[in-house]
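Chemist: Chain order of the listed sequences is Y and R.
Each residue of the first sequence is one higher than the one before, starting from 1 at the first, in the working numbering.
Each residue of the second sequence is one higher than the one before, starting from 1 at the first, in the working numbering.
Simulated from the structure, these hints should not be mistaken for laboratory data.
Backbone N, C-alpha and C fix where the C-beta goes; we use that ideal spot for every residue, glycine too.
Check before you lean on any hint, since a few could be wrong.
As the list claims (entries may be wrong) - Under the rule of at most 35 Å between Cα atoms (straight-line distance), these lysine-lysine pairs were calculated in the DSBU-like manner:
no.	chain 1	residue 1	chain 2	residue 2
1	Y	K215	Y	K510
2	Y	K27	R	K516
3	R	K421	Y	K27
What the hints assert, rightly or not - Among the chain Y residues that face chain R by a calculated CB cut under 8 Å, a handful are:
no.	residue
4	R34
5	W48
6	D50
7	I110
8	R441
9	P449
10	R483
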Amino acid sequence: MEETDVVFLWGSNAREAHPIWFHHVLKGIRNGARLYVVDPRRTTSAQWADVWLGLNPGSDIALSNTMAREIIHAGLQDLEFIGNGTSGYDGYVESVEPYLLEVGAQLTGIPADVIRDAAHTFARADRAMICWTLGITEHHDAVDNVLALINLCLLTGHVGRWGCGANPLRGQNNVQGGGDMGAIPNKLPGFQDIELDAAARERFEQLWGVKIQPKYGYNLTEMLKAMGRGELTSLYVIGENPAQSDADTHHVEQALQGLDHLVVQEIVMTRTAELAHVVLPAAATWCEGDGTVTNSERRVQLCRKATDPPEGARDELWIMSEIARRMGHDWGNPCAEDVWNEFRVLAPDFAGGMSYRRLDELGGIQWPCPDESHPGTPFLHARLWERPPARGRPAPFSVVHHEGPVETPNDEFPFVLTTGRRLESYNTGVQTASYDSPLRRGETLDLSPEDAERLGVENGDILRVTSRRGSVLVPAHLDPSLRAGLVFMTLHFPDDVATNLLTIDASDPKSGTSEFKACAVRVELSTTSFATR
Amino acid sequence: MDLRLPDAVPTDAERSAVDAILGRPESAWDGGGRGRARDTHMAEFGGRASRARRHLLLPALQGLQARIGWISEGGLGYICARLDVPPAEAWGVATFYAMLATSPRPPRVLHVCDDIACRVHGATELCAALEHASGPPFSHAPAAGHITLDPDRAAWLHAPCLGMCDRAPAALLIEAGATPMERSIGGLTAVRAIELLSGADPGPDAAAQPPFSQRGQTHESGFALLARVGVVDPESLDAYRQAGGYAALARALEMGPESVIAEVNESRLVGRGGAAFPTARKWETVRRQPAQPHYLVCNADESEPGTFKDRVLLTEDPFAIVEAMTIAALATGCEKGFLYLRAEYPLAFNRMQRAAHAARDAGLLGERILGSGLQFDIEIRRGAGAYICGEETAIFESIEGKRGEPRNKPPFPVTHGLFGKPTIVNNVETLANVLSIVLRGGAAFARTGTAQSTGTRLFCLSGHVGAPGIYEVPMGTTLGALLDLAGGVRAGGRLTALLLGGAAGAFVRPDELGLKLTHEDTRAAGVTLGSGVVMAFDQTADLRDIVLRIAAFFRDESCGQCVPCRVGTVRQEEALHRIASGRTRGGLVAELALLDEVGAVMKDGSICGLGQTAYAAVESAVHRLGLYGPPAQAAL
Numbered sequence: 001m002e003e004t005d006v007v008f009l010w011g012s013n014a015r016e017a018h019p020i021w022f023h024h025v026l027k028g029i030r031n032g033a034r035l036y037v038v039d040p041r042r043t044t045s046a047q048w049a050d051v052w053l054g055l056n057p058g059s060d061i062a063l064s065n066t067m068a069r070e071i072i073h074a075g076l077q078d079l080e081f082i083g084n085g086t087s088g089y090d091g092y093v094e095s096v097e098p099y100l101l102e103v104g105a106q107l108t109g110i111p112a113d114v115i116r117d118a119a120h121t122f123a124r125a126d127r128a129m130i131c132w133t134l135g136i137t138e139h140h141d142a143v144d145n146v147l148a149l150i151n152l153c154l155l156t157g158h159v160g161r162w163g164c165g166a167n168p169l170r171g172q173n174n175v176q177g178g179g180d181m182g183a184i185p186n187k188l189p190g191f192q193d194i195e196l197d198a199a200a201r202e203r204f205e206q207l208w209g210v211k212i213q214p215k216y217g218y219n220l221t222e223m224l225k226a227m228g229r230g231e232l233t234s235l236y237v238i239g240e241n242p243a244q245s246d247a248d249t250h251h252v253e254q255a256l257q258g259l260d261h262l263v264v265q266e267i268v269m270t271r272t273a274e275l276a277h278v279v280l281p282a283a284a285t286w287c288e289g290d291g292t293v294t295n296s297e298r299r300v301q302l303c304r305k306a307t308d309p310p311e312g313a314r315d316e317l318w319i320m321s322e323i324a325r326r327m328g329h330d331w332g333n334p335c336a337e338d339v340w341n342e343f344r345v346l347a348p349d350f351a352g353g354m355s356y357r358r359l360d361e362l363g364g365i366q367w368p369c370p371d372e373s374h375p376g377t378p379f380l381h382a383r384l385w386e387r388p389p390a391r392g393r394p395a396p397f398s399v400v401h402h403e404g405p406v407e408t409p410n411d412e413f414p415f416v417l418t419t420g421r422r423l424e425s426y427n428t429g430v431q432t433a434s435y436d437s438p439l440r441r442g443e444t445l446d447l448s449p450e451d452a453e454r455l456g457v458e459n460g461d462i463l464r465v466t467s468r469r470g471s472v473l474v475p476a477h478l479d480p481s482l483r484a485g486l487v488f489m490t491l492h493f494p495d496d497v498a499t500n501l502l503t504i505d506a507s508d509p510k511s512g513t514s515e516f517k518a519c520a521v522r523v524e525l526s527t528t529s530f531a532t533r
Numbered sequence: 001m002d003l004r005l006p007d008a009v010p011t012d013a014e015r016s017a018v019d020a021i022l023g024r025p026e027s028a029w030d031g032g033g034r035g036r037a038r039d040t041h042m043a044e045f046g047g048r049a050s051r052a053r054r055h056l057l058l059p060a061l062q063g064l065q066a067r068i069g070w071i072s073e074g075g076l077g078y079i080c081a082r083l084d085v086p087p088a089e090a091w092g093v094a095t096f097y098a099m100l101a102t103s104p105r106p107p108r109v110l111h112v113c114d115d116i117a118c119r120v121h122g123a124t125e126l127c128a129a130l131e132h133a134s135g136p137p138f139s140h141a142p143a144a145g146h147i148t149l150d151p152d153r154a155a156w157l158h159a160p161c162l163g164m165c166d167r168a169p170a171a172l173l174i175e176a177g178a179t180p181m182e183r184s185i186g187g188l189t190a191v192r193a194i195e196l197l198s199g200a201d202p203g204p205d206a207a208a209q210p211p212f213s214q215r216g217q218t219h220e221s222g223f224a225l226l227a228r229v230g231v232v233d234p235e236s237l238d239a240y241r242q243a244g245g246y247a248a249l250a251r252a253l254e255m256g257p258e259s260v261i262a263e264v265n266e267s268r269l270v271g272r273g274g275a276a277f278p279t280a281r282k283w284e285t286v287r288r289q290p291a292q293p294h295y296l297v298c299n300a301d302e303s304e305p306g307t308f309k310d311r312v313l314l315t316e317d318p319f320a321i322v323e324a325m326t327i328a329a330l331a332t333g334c335e336k337g338f339l340y341l342r343a344e345y346p347l348a349f350n351r352m353q354r355a356a357h358a359a360r361d362a363g364l365l366g367e368r369i370l371g372s373g374l375q376f377d378i379e380i381r382r383g384a385g386a387y388i389c390g391e392e393t394a395i396f397e398s399i400e401g402k403r404g405e406p407r408n409k410p411p412f413p414v415t416h417g418l419f420g421k422p423t424i425v426n427n428v429e430t431l432a433n434v435l436s437i438v439l440r441g442g443a444a445f446a447r448t449g450t451a452q453s454t455g456t457r458l459f460c461l462s463g464h465v466g467a468p469g470i471y472e473v474p475m476g477t478t479l480g481a482l483l484d485l486a487g488g489v490r491a492g493g494r495l496t497a498l499l500l501g502g503a504a505g506a507f508v509r510p511d512e513l514g515l516k517l518t519h520e521d522t523r524a525a526g527v528t529l530g531s532g533v534v535m536a537f538d539q540t541a542d543l544r545d546i547v548l549r550i551a552a553f554f555r556d557e558s559c560g561q562c563v564p565c566r567v568g569t570v571r572q573e574e575a576l577h578r579i580a581s582g583r584t585r586g587g588l589v590a591e592l593a594l595l596d597e598v599g600a601v602m603k604d605g606s607i608c609g610l611g612q613t614a615y616a617a618v619e620s621a622v623h624r625l626g627l628y629g630p631p632a633q634a635a636l
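Make a model of the complete structure from these sequences and hints.
Modeler: Take a look at the structure:
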C-alpha cells in the first residue's frame with residue numbers, strides 16, 4: 001500500500017469506513033502514489049483523490065470492461081504475464097469488445113476521456129492495486145463485480161508482486177479470521193472445501209471422531225429463505241444483528257420470529273437478542289479473553305485477555321464447550337491456544353508454522369505459513385509469475401457483463417438510494433452508539449443541493465422516503481458531494497430510521513450479499529413532524 | 001482532502017481578490033459554482049495537483065490583505081476551498097504574519113517605526129504626539145480612540161524596523177483597495193503623520209533617492225557594489241547593459257559552472273547575511289546533489305533592525321541581482337529561483353519585478369538564456385512582516401506558504417531545502433559580489449580585505465552619525481575610519497556606544513574604535529559584523545530604553561516554536577522591565593544573574609539563530625558597556 005504507484009479505491013470510502021487503513025493510503029500518497037477513487041458520491045476519500053470517477057451506482061462492470069477494452073486497444077496489456085499465468089484471455093478480449101469508451105461513458109456517466117486516462121494510468125503504472133469494499137460487493141452481481149476487477153489486475157500483471165494486487169478490505173478486525181476458521185458455509189477451517197476435499201474431511205473426521213457431511217451449508221440469505229419456507233427452525237447467532245443489519249428488515253424480523261428456537265450469544269442486548277428464546281451473555285473476546293484475529297493483509301495476530309468479563313458473562317469457548325458437553329460431547333476445557341494448535345494440525349499448509357510463540361515474537365504472521373521456519377507470505381499469487389508456470393491452475397479471466405441495479409428509477413420512484421457508513425458510527429450502532437461523538441448527527445437523507453431546491457427542502461426538514469418495500473421519515477441533509485437524482489442514507493440508527501425497510505432484498509446467488517447500494521425511492525416533504533411520527 | 005469549511009460566504013470583492021492571485025476556479029470542486037455537467041461524474045481536485053499549489057496560500061492571503069484590507073472568515077474559507085488547505089492551517093498562517101489582519105481594519109494604515117534608529121531620532125515622541133492627536137494605535141477591539149480620525153478610513157500602528165534607518169523617523173503607508181498603495185515615508189513628523197492619516201497624498205517613495213553618501217561609490221580596487229547606485233537608471237535594462245551589465249553572465253556562460261565555482265572558491269567569499277558561511281562550499285554541495293530540481297533562494301528578507309543595505313541594492317541596482325541570481329543558478333543547476341523580499345520594501349518590489357520582467361522579455365530569463373542551454377526564471381515572493389523569515393529555513397517554510405517556523409538542522413538546505421529539494425540560500429549582497437568575482441577573477445577579489453575576510457563590505461550607518469547611509473569599505477577598515485567616512489558623530493554629539501551587527505549583534509564602547517572590521521577581529525573581540533549594522537549613539541540616547549526595545553523586538557518576533565526562545569525572550573524582557581522600574585526581584589545582581597542564565601539557555605537550546613542571539617545585545621549592554629552596574633560586577 002505504501003510502496004505502490006497507483007491506488008484504485010473502488011467502491012470504498014476508506015477515509016470513513018477504514019480510517020486506520022486509510023492512514024496507509026495517505027502514506028502511499030506521500031510517497032508519490034496517485035489515488036483514483038471510484039464511487040457514485042464524491043466522498044471524503046474521493047476528496048483526496050487525483051481523480052474521482054463518479055460512476056452511476058451499479059455500473060462497475062461497465063467501467064472496468066471499458067477500461068479493459070481501452071487497455072487492450074492501446075496495447076498496454078501485459079501479454080507476457082497473460083501468457084504465463086492466466087487462462088481465458090481470448091474469450092475475455094472478445095467479451096469486452098462492445099465496451100467502447102462512448103458506451104462506457106454512457107453506462108457509467110463518467111466522461112470518456114476520464115475513463116481513458118484512468119485505464120492508461122492503471123496499465124502504465126509499474127505497480128498498481130485495486131482496493132474495494134462494499135461498493136463492489138453489496139450488489140446483486142457482487143461476485144461479477146469482483147471478477148471484473150480481478151480481470152483488470154490480470155490484464156495488466158498487477159498481481160503477485162510487491163505493491164500490486166486486488167485487495168478486498170475487511171470491514172472488521174477479524175472478518176478475515178472468521179473465514180480462516182471456517183465460519184463460511186462451504187469451507188472447513190483453513191479454506192478446505194467441504195465437498196471437494198476428501199483428504200481434508202478425513203483429517204477432521206479422524207481428529208474429531210465424527211462424520212463430516214460433504215455438503216455446503218447455507219449463507220445468511222439462504223438461511224433467511226429457508227426460515228421463510230419453514231425448513232430452518234432453529235438458529236444459533238453469535239455476535240451478529242441480522243434483525244437490523246440486513247436488507248428488507250420487515251422480512252428478516254418475520255423470519256426470526258417464526259423460528260422454533262433462537263439462541264443469541266452476544267455482548268450487548270441487540271434487537272436480534274430481544275427476539276431470542278435464549279440469550280447467552282458472552283465475554284468480549286478482544287479484551288476479556290485470549291485468541292487470534294486476522295486482518296485485511298492476512299496477518300494473524302495474538303489477542304490477549306486484559307480484563308475479566310462482567311458478572312455473568314462467560315468466555316465464548318466455555319459457552320460452546322459447555323453446550324457440547326450437555327449435548328453429550330466432552331471437549332474437555334480447551335483454552336484458545338489448544339483450539340489454535342488443533343487448527344494448525346488440521347490445516348497444516350495454511351497455519352502449521354504459526355505457533356503462539358512465533359505469533360508473539362514476530363508480532364503476527366501473514367498466512368499461508370506451513371512450517372516454523374516459514375516467514376509468512378507478504379503477498380499472494382507470486383506463483384503466477386514463476387517460469388515455467390508453477391503448480392496450480394492459471395488464474396482465469398472471467399467473462400462478466402454489465403447488468404446494472406435490479407431497480408432503476410422511474411416516475412414513481414425517481415431517486416437512486418445508495419447506503420453506506422459515516423466515520424463516527426459503525427453499522428447498526430451496536431458497537432458505537434453508546435459512545436458520544438461530536439460528528440454524529442443522527443440519520444439523515446443526504447441529497448444534492450439541486451434536488452433540495454427542486455423539492456423546496458432545507459437542512460433538517462423531515463422527508464418521507466418511500467421504496468417499493470417500505471417508507472421512513474428522516475430529516476434532510478444537503479450534501480454537495482451528491483449529484484441530482486442520487487440520495488444517500490446510512491444504517492447507523494435503525495431504532496430512529498430503519499433504512500433497511502427501504503433497501504431491496506435482491507441478492508447475489510453466488511455470495512448471498514444483498515444489494516444495499518442501489519434501490520429506487522421517492523422523496524417527499526413530510527407534513528408529519530419527526531417527533532410525533 | 002476532506003475539509004470542513006466555514007459557513008461564512010465570501011463577498012464578490014474577496015472572490016475576485018483571491019482569483020486575481022490564483023486564477024478563476026475550474027470546477028464546482030475547487031471553489032467554483034455548481035452546474036458544469038462534467039462535475040457530476042468526475043473531479044480532479046484534491047490530489048497531487050492541488051497539493052502542488054499549496055505554496056500559494058501566503059500570496060493568496062496577501063492578495064486579500066492588499067485589496068480588502070483584512071482577511072475575513074469568508075475570504076479565508078474561499079482560499080481554503082481553492083487551495084485544498086484546512087481552515088485551521090490557513091488561520092495559523094494568517095495569524096503568524098504581522099502584516100496580515102484577521103479582524104476588520106480601516107483601509108489606510110500607517111505603520112510607524114519605533115525601532116532603535118527611529119527611536120533615537122524621536123520616534124517615541126512622535127508616537128506620543130500621534131496618540132495625543134489621533135488616538136491610540138489600532139487594536140482589534142476599536143476603543144474610544146481615534147479622536148480626529150475617521151476610524152473607518154485610517155489607523156496607525158507601531159512597527160518594528162522598516163529598514164529606512166537612513167531616513168529616520170520612518171513609516172510605511174499602506175492603503176488597501178482595488179489598486180493597493182504602499183509607500184515608504186521618511187523624515188516623518190507628527191503633523192505629516194496626521195495629514196497622511198487624513199488622506200493626504202504621500203508623494204514619491206522615500207526610498208527612491210539614495211543618500212548622497214552612497215552615490216556611485218568606487219574603489220581603487222575596482223570592486224564596488226555601489227558603482228551603479230545613484231548613477232545608472234535602475235528601471236532601464238539598456239542603461240544597465242551600457243554600464244557593463246550582463247558581461248558577467250556572458251563570461252560565466254563561457255566559463256561553465258565548475259569554473260565559476262572555482263573562482264568563487266578562490267575569492268573566499270563568505271555570506272553577507274550574518275552567518276559568514278563560505279559561498280563556494282554551499283554552491284558546490286548543491287551542484288553535486290543528484291536530487292532534482294535544485295532551487296535558488298535569494299534572501300532579501302532584510303529585517304535585522306538597523307539594516308538597509310539590501311534595500312539599496314534591490315532598489316538602485318535590481319538588474320545586478322537578477323544577473324547574479326542567474327549566474328548562481330548556472331553554477332548550481334537551478335532552473336527556478338525565488339527572491340524573497342520583505343514586505344516593507346514596496347519600491348524594491350516594484351523595481352525587482354520590473355527588472356525580472358524586462359530580463360525575461362530580453363531573453364535573459366526563461367529558456368535558452370543568451371542563446372545558451374541555460375534555463376532559469378525568478379519568482380518574487382514577498383514577506384508579510386516576520387523577522388524570522390530571514391532565517392534560512394524559515395524562508396522555505398514561508399515560500400511554501402506556511403508559518404515561518406525554522407526547521408531543525410540537519411538536514412541542511414543544501415540537501416533538503418525548499419520543497420525538500422537541494423537549495424541555495426544566498427543574501428542579496430553575497431550574490432551581488434559574484435558579478436565582479438566572475439569578471440575579474442577570484443584571486444583579484446581576495447586581494448582586497450584581509451586573508452580571512454576578503455572583498456569589500458556594505459555597512460549601514462545610522463543613529464547619531466553625521467551622514468547616515470550605506471558605505472562600502474574593504475574588509476579590515478577600522479570602526480573609527482568607517483565612522484569618520486559617515487561624518488563622525490553628529491554635531492554636538494559625544495559617542496557613548498555603537499551597536500554592531502543589529503539587534504542580534506552587540507554594543508561596543510567608544511574606546512573600541514580601533515576594532516578592525518573583519519570576521520576574525522570581531523570574533524576575537526566577542527562581537528560580530530552580522531548584517532553590517534553600525535549604529536552610533538551619543539549622550540542623548542537612552543541606552544537602557546534601546547536595550548528594552550531590542551528585548552521587546554525579540555519577544556515579539558520569536559516564532560514561538562521552541563521553548564527556550566519563546567519563554568526566554570519573555571523572561572528577558574520582564575527582567576529588564578523590573579530593572580528599569582527599580583522593582584527588582586532579589587536585587588540587581590540577582591536580576592543580572594537571571595539574565596545571564598536565561599541567555600545561556602536561549603543560546604544553547606534554541607532551534608535557530610533568533611533565539612541563539614536574542615541575548616547577545618543585552619549581554620553586551622550588561623557586560624561590555626556596564627550599563628546596569630560597575631564593571632567588577634559585570635565581569636564576564
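Chemist: All hints, please: hold or fail.
Modeler: Status of each hint after checking the structure:
In summary, the hint linking Y/K215 to Y/K510 is supported, as the alpha carbons are separated by about 16 Å, within the 35 Å threshold. Taking the CA atoms of Y/K27 and R/K516, the gap is near 55 Å; set against the 35 Å cutoff, the hint is violated. Only pairs whose Cα atoms come within 35 Å are accepted, and R/K421 paired with Y/K27 is accepted, the gap being roughly 19 Å. Given hint, Y/R34 at the interface with chain R, holds; its Cβ is 7 Å from that chain's nearest Cβ, closer than 8 Å.
A distance limit of 8 Å between C-beta atoms decides the matter here; for Y/W48 the minimum to chain R is near 5 Å, and the interface restraint holds. Residue-level restraint check for Y/D50 holds (minimum Cβ-Cβ distance to chain R is 3 Å; threshold 8 Å). Taking 8 Å as the C-beta contact cut-off toward chain R, the hint placing Y/I110 at the interface holds, the least distance being around 5 Å. Look at Y/R441: its Cβ only gets to about 13 Å from chain R, farther than 8 Å, so that hint breaks.
This hint holds: Y/P449 has a C-beta 7 Å from the nearest C-beta of chain R, less than the 8 Å allowed. With a cut of 8 Å, the hint placing Y/R483 at the interface with chain R holds, because the nearest CB-to-CB distance is about 4 Å.
When held up to the earlier numbered hints, the structure conflicts with 2, 8 and fits the remainder.
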